[in-house]
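S.K.: Chains as they are written, first to last, in this note's numbering: chain A, 1 to 489; chain B, 490 to 715; chain C, 716 to 828.
Fair warning: there could be bad hints in the mix.
[Said to hold, decoys possible] Below are the BS3-like pairs computed for lysine-lysine, each with C-alpha atoms no more than 30 angstroms apart in a straight line:
id, chain 1, residue 1, chain 2, residue 2
1, C, 736, C, 816
2, C, 737, C, 822
3, C, 822, B, 492
4, B, 492, C, 777
5, B, 712, C, 816
6, A, 98, A, 152
7, C, 736, B, 492
8, A, 152, C, 777
9, A, 152, C, 816
10, A, 288, C, 822
11, A, 152, A, 479
12, C, 736, C, 822
13, B, 712, C, 736
14, A, 65, A, 54
15, A, 27, B, 712
16, A, 350, C, 822
17, A, 54, C, 816
18, C, 816, C, 737
19, C, 741, B, 712
20, B, 492, A, 27
21, C, 737, B, 712
Calculated from the structure, these hints are not laboratory results.
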Amino acid sequence: MNISPVHFIAVPLLAAFLIPIIGRFSKEFVKVIPGIVLLYLSYVAISLFPVALKTPIVEVLAGWKPPFGISLVYGPLAAYLTALITLMGFVIWVYSYKFIIREPIEKYYMLFMLLITGSTGIILTGDIFNMFVFLEITAIAAYSLTAFLRDKDGAEAAFKYLLIGSFASSFFLLAVMLLYASTGTLNLAEITSKIDSVAMSTRILILILFLVGLGIEAELFPLNGWAPDAYSQAPSPIGAIFGGIVVKAAIYALMRLVFLLFNFSEVFHFLLIMGIITMIVAEMSAMKQQQIKRMLAFSSIGQMGLVIIAFSVGTSDSVQAALFQMFNHAVIKALLFFAAGYLVFHSGSKKISALDGLGRDKPLTSFFFALGALAIIGLPPFAGFWSKLYILISVADAGLITAVVLVLIASVIEAVYYLRVVSRLYFNKESAQETEVRRTPLTGLLAMGVLALVIIVVGIYPDYIWNLLKPAAEELVNKAEYIRIALLK
Amino acid sequence: MRKVLAVFLLGIMGFYLFSSFSEIPFGENRATVGDYYLENTVLQTGSVNTITSIVVSYRGFDTLGEVTVLFLASTGLAAILFDNKGRKRRRQHASLIVRVGAHLIYPLIILLGAYVFIHGHLTPGGGFQGGAIIATGVLLMFMSYRSFEVSHKWLTYLESFAGISFVTIGLSGLIWGESFLQNILPLGVPNELFSAGVIPIIYIAVGIKVGAELTGLLDNLLKTIK
Amino acid sequence: MIFYISGILLILIGMYAVLTKKNIIKIIIGLSIVDSGINLLLIAIGYVNDGTAPIFSNETLKAVDMVDPVPQALVLTAIVIGLGVTAVALALVIRLYDHHKTLNINKIRKLKW
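Turn these sequences into a full structure, and let the hints steer you where they fit.
M.R.: Structure below.
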């Protein structure tokens, strides 16, 4: 059996179906399976990457050629995002290994596997209804994981997320329906080639429905009310999954659809404004937060705003910068969530004020948090600096000086609230109460260490990743090429 | 105030939805991919039920996702209600008539469910419908008998086994054919039970899986009394 | 045409219930009504005047007389997805009720929007 992109979906699915049976015999082995699967998927992702760069792979499913069957389109962009998701998934698994000690562990890993399936599915599929199915898989797994701790607030956060998410999926389905009714097909490339014959009013309605439907998962203002609660109530690795995987898949879906179907300058202007509002509002809200994970969640929304700004400039360079920022955000925010998870665990409180002086007690975890904070603000030796710089350059090239200024202001706000936490970690006097000394497990430190290493290495050699992203950005911008590839012409 | 705002918002939405839909003529034959399926289903898949051939073959990947959604729902539900394990169902007395009637109908409902999913490629019906029918049979028994229990161990086995066989059929298409979920069996004569290649096999797996999952869901949701 | 109108009306009624009702169970019922409305619309889109079910059970049936099968296949998927979401929602309601002993959303909502 040759390696093919369909493994990204089939193998984790198989693992999720196998886990309950294996769980009957060995509880320990269940914890290892996701690691093996994700390691294999990372191997697949890395070995297919050069292939996809040369010639995009179109995987026909069930033997029916597009547009009659469902096909997976594995171009440079999909290759990059699946590689990001599987590698991040592996690191998150390493971290979860000792972090998730609450039963039902088996269910946690099943949901985790299905979340990976769903989000890779969104990225790979070339069919709009199939995308809806995978969006729902991702969403339902995310609802369940939000309520995983089964406490009061977790259930509320999950219910709120579910309510908003169901609205999103209804809107998405309505849009898919309108597209099918007016173009007679569900294949994304085929729809793109026929979209011009659709009446403008219908097209605008479809756009609005998609914006609402995907904007909720992509944390676009004002549809992101669920995010802070879900991020802060879910277990910390799940926060990392939301920020590192789910949001990335949703943004991909949104941008793919906008670039293919609604390639008007007005749409990009609208998105630009929404991105700016999202960023500013989120950063302001992050300032006010008392809980560390809520603060991280708002910062995550702000970063997504920045990504959307970069995407909506719409040039190849800015898209490339946006993809770079997505990479950095996934890595850095995961590191922050990991570190915050253990800081919260050690201090026994979700409050920022409880972190006083932890820098001496927990030097490594605090160090990783500080490193992540400096990186996400965008200080020079770290990865975050380069992506922000590239975004600013590309935005300035497009002549949007106001946007540049606003991004800079947002960065300053970001710096203030992150440095506030870091200074509390290191410079505040330790609060009087003595908690029992608990050590951060080795797996947790290992996961954080790897991410920190990535941040530093990418910070020193940004060109390597930057050049990899060039074909991916061009794929997203070039609509005709996508149609040609996906329809196997 | 809230209601006025809701009516206002929904009014706008309804207006735009309606004006878009009025551009789609009702009841007219539009050129869609559906025409291709109608013309080619019997020749290409051997299944006379076009919907089944779309669901299982042409868009079989959707069905894999659909099965996953159900699996996910039952997993998520079990995770959320994990510490409800020791709980019981609210037990009401059912009258003698109901109990005897339920006992008589129950095997027939299971049989009907199995019939519906085995004949999915020939008649209206299929794995999901059949599975749902089976679950209603179990629900009837839950409602009428105090002592009726299902074994969660066996439900898990059935569920996982059916899921694994679906993915394995898919992967075997990749090994012996050219693509995932591709048909690797002879198509047979249309309108016969043993026809349409892997479609009936997949639908049987789906039927078993859906039946087991919905039964598990119902059992979990009914157990609310400590 | 009446099918489009009724489908859209169902969607709006369901959404109205979700937006204004205080009882969580009623909200979930609202979500289900939205789902039904969408499914109905989808089926209506695929209808062809005087069309029959797309099953070739005997030779006299012609492909031209049949309704579009694709929306029906999609509805099958959409129904199952709606069911999955409803099941998870109900599980969350059971959890919420355990913690708060009420189903009134005003008494539950502590997390700010």
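S.K.: So, for every hint listed, does it hold in this structure?
M.R.: Tested hints:
As the CA atoms of residue 736 of chain C and residue 816 of chain C are separated by approximately 18 angstroms, the hinted pair is consistent with the 30 angstroms bound. For the hint linking residue 737 of chain C to residue 822 of chain C, the alpha-carbon distance of about 9 angstroms falls within 30 angstroms, and the restraint holds. Taken as a hint, the residue 822 of chain C and residue 492 of chain B pair is honoured in the structure, with Cα atoms around 19 angstroms apart against an allowance of 30 angstroms. Restraint check: the Cα-Cα separation between residue 492 of chain B and residue 777 of chain C comes to about 50 angstroms, which exceeds 30 angstroms; the hinted pair is violated.
Proposed proximity of residue 712 of chain B and residue 816 of chain C is supported: the alpha carbons are some 17 angstroms apart, at most 30 angstroms. For the given pair, residue 98 of chain A sits about 24 angstroms from residue 152 of chain A by alpha-carbon distance, which is consistent with the 30 angstroms threshold. Simply put, residue 736 of chain C and residue 492 of chain B have alpha-carbon atoms about 9 angstroms apart, close enough for the 30 angstroms limit, and the pair holds. Distance check on the hinted pair: residue 152 of chain A and residue 777 of chain C sit about 58 angstroms apart at the alpha-carbon level, beyond 30 angstroms; violated.
With a CA separation close to 12 angstroms, the supplied pair residue 152 of chain A and residue 816 of chain C stays within the 30 angstroms bound. Distance restraint check for residue 288 of chain A and residue 822 of chain C: the Cα-Cα separation of roughly 25 angstroms lies within the 30 angstroms cut-off, and the hinted pair is therefore satisfied. Of the pairs offered as hints, the one joining residue 152 of chain A and residue 479 of chain A is violated, with about 47 angstroms between alpha carbons and a cut-off of 30 angstroms exceeded. Taken as a hint, the residue 736 of chain C and residue 822 of chain C pair is honoured in the structure, with Cα atoms around 13 angstroms apart against an allowance of 30 angstroms.
Distance hint between residue 712 of chain B and residue 736 of chain C is fulfilled; the C-alpha atoms sit about 26 angstroms from each other, no more than 30 angstroms. As the CA atoms of residue 65 of chain A and residue 54 of chain A are separated by approximately 22 angstroms, the hinted pair is consistent with the 30 angstroms bound. Under the criterion of a C-alpha separation no larger than 30 angstroms, the hint pairing residue 27 of chain A with residue 712 of chain B is consistent with the structure, at around 26 angstroms. Taking the CA atoms of residue 350 of chain A and residue 822 of chain C, the gap is about 24 angstroms. The hint holds against a cut of 30 angstroms.
The suggested pairing of residue 54 of chain A with residue 816 of chain C is violated, with an alpha-carbon distance near 60 angstroms, which exceeds 30 angstroms. Of the supplied pair hints, the one linking residue 816 of chain C and residue 737 of chain C holds, its CA atoms being roughly 15 angstroms apart against a limit of 30 angstroms. With a CA separation close to 21 angstroms, the supplied pair residue 741 of chain C and residue 712 of chain B stays within the 30 angstroms bound. Of the supplied pair hints, the one linking residue 492 of chain B and residue 27 of chain A is violated, its CA atoms being roughly 51 angstroms apart against a limit of 30 angstroms.
Using a Cα cut-off of 30 angstroms, the hinted pair residue 737 of chain C and residue 712 of chain B holds, with the two alpha carbons roughly 25 angstroms apart.
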